[in-house]
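Asks: Sequence:
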Amino acid sequence: MQNDLTSKERFVVWLATGFGVGWAPFAPGTVGTALGIPLGWFIVHWASLPVQLLIIGLLVGFGVPICGRAAQALKLKDPGCVVWDEMVTMPIILVALDAKHLSSIWVLLAAFGLHRLFDISKLPPGRQLERLPGGWGIMTDDVAAGCYGWVTLRFVLWLTGL
Numbered sequence: 001m002q003n004d005l006t007s008k009e010r011f012v013v014w015l016a017t018g019f020g021v022g023w024a025p026f027a028p029g030t031v032g033t034a035l036g037i038p039l040g041w042f043i044v045h046w047a048s049l050p051v052q053l054l055i056i057g058l059l060v061g062f063g064v065p066i067c068g069r070a071a072q073a074l075k076l077k078d079p080g081c082v083v084w085d086e087m088v089t090m091p092i093i094l095v096a097l098d099a100k101h102l103s104s105i106w107v108l109l110a111a112f113g114l115h116r117l118f119d120i121s122k123l124p125p126g127r128q129l130e131r132l133p134g135g136w137g138i139m140t141d142d143v144a145a146g147c148y149g150w151v152t153l154r155f156v157l158w159l160t161g162l
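Residue numbering for the sequence shown follows the numbering used here, beginning at 1 and increasing consecutively.
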């Protein structure tokens, strides 16, 4: 199917597939989420909170047309190979973490697991958001997963005193 695409469509699909990692033969969403860990770590480690939110907001905002156009080019509603949504919403869970938590493999693994859990389970309003047209539906359910993950991780860190 990719052979039928224009060079512009190929570029958009390349971006939407997380620079090609979305073509992984097994669990591309999981691979895309994993790609979001170093992205999130870098954003949170090097940027102030307002800049963190701005960068993530821009990545999500750019993701709407990127994912929508890739889905159109691939002639699918929400292609599994499109992982930009997982990749750029995973950092939501890491927003405002301090250096101690960012350096903990356990916290990063928990954030990863929470994003996958909430992305797959589609708690309200995730399922409803997924029904939005085009790139909006592809992106916004993952934003919801990231927000659920952020709240859950903060609660667990508070509860455990970590």
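To be clear, the hints were calculated from the coordinates, so they are not data collected in a lab.
Watch out, some of these pointers could steer you wrong.
[Claimed, not checked] Here are the simulated DSS-like pairs of lysine-lysine, each with C-alpha atoms no more than 25 Å apart in a straight line: (1) K75 <-> K122; (2) K8 <-> K75; (3) K100 <-> K8; (4) K77 <-> K122.
Asks: Each of the hints needs a verdict: does it hold here or not?
Replies: So, going through the hints one by one against the coordinates:
The straight-line distance between the Cα atoms of K75 and K122 is roughly 23 Å, inside the 25 Å bound, and the hint therefore holds. Our distance criterion of 25 Å between C-alpha atoms is met by K8 and K75, whose separation comes to about 15 Å. Straight-line distance between C-alpha atoms of K100 and K8 comes to about 42 Å, which puts the hinted pair past the 25 Å bound. Using a Cα cut-off of 25 Å, the hinted pair K77 and K122 holds, with the two alpha carbons roughly 17 Å apart.
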